[in-house]
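J.: Sequence:
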Amino acid sequence: MRVFHLILLWVCFCDLLHAQTVQITYEGDPLTDKERRKIEQTLQYEVEFYSQFGLPDTLNLKLTVFNKREDALTYLDKFNIHPPKGTNGLYIPRLQKAIILSREKEYQQGLGIIYHELSHHLTLKITAGRPPIWFNEGLAEYFEHCKANKKGLQHTFTEYEKGRIRTIYMLGDIDLLTFINSRQKEFMQQQRTDEQYAYILSHALVTFWIEKIPRQIFHDFVRSLQNKDNSSTVSKQIDQIYTGGFKQFEKDFEAFCR
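Everything in the sequence shown is counted per this note's numbering, starting at 1 for the first residue and increasing by one.
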């Protein structure tokens, strides 16, 4: 077991120096020094992004990595957790632990799965533990498709994903309002039956929020999600904070995708 302490410093609007402490505990099969450096570098950028929406001063994350899937399944059985076939990683909120079921993936893809699962921990923190499923998975997909370099994070929305979204729009098969308001059961059913559609659309939506929407609107949306007294649908929350309402949001997102 190895505990990594990451200290992040930045200047707040009140000009006071604020420190963010992140502690990550490695468990399971050992990672190489190179892998840990990559994980810790990318995690630093993830925390810097999420901190704009409010994070606890100290974060404790646990990452358990298995080389062999059968070892992971035996471990998860202790917690009565039985992941579907094809699941490469998962995040368990009650344990605050990211589990990687197998390291048989190509090197960068394997690291991406780790970035994906660690992102879930941070998304839960900024949304009072109740993020919309597309927002939770979309942010995880966004960071899964990032590489850290000297200039920061380089994000990629793949040509395959772009093609899928364009095709779906061309066929008129996107019902964005229903998708935005979907619960986990409906989301995962669509994911299983339509060739990764739910994850790809979530990735596209979050890319749009991060890269195209004014930051203040993004902040207002997250604040709305943080409000436990707000029982309105997610589409209604977007309608209230997005310039021009949800209809304009739909038009702008379609233009972004096309």
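Hints in this document: simulated from the structure, not taken from any laboratory.
Check each hint, because a few of them may be wrong.
Unchecked claim - In the BS3-like style, the derived pairs of lysine-lysine whose C-alpha atoms are separated by at most 27 Å in a straight line are:
hint, residue 1, residue 2
1, 147, 62
2, 78, 147
3, 125, 68
4, 185, 162
5, 85, 68
6, 247, 78
7, 151, 185
8, 38, 185
9, 97, 85
10, 162, 97
11, 212, 125
12, 150, 38
13, 62, 38
14, 97, 78
15, 251, 162
16, 147, 34
17, 147, 125
18, 85, 151
19, 34, 185
20, 68, 78
21, 150, 251
22, 38, 78
23, 162, 212
24, 236, 212
25, 34, 151
26, 236, 185
27, 212, 147
28, 97, 185
29, 162, 151
30, 185, 147
31, 78, 62
32, 212, 247
33, 34, 97
34, 185, 150
J.: Taking the earlier hints as the rules, which of them does this structure contradict?
T.: 2, 3, 6, 7, 8, 10, 18, 19, 21, 22, 30 and 34
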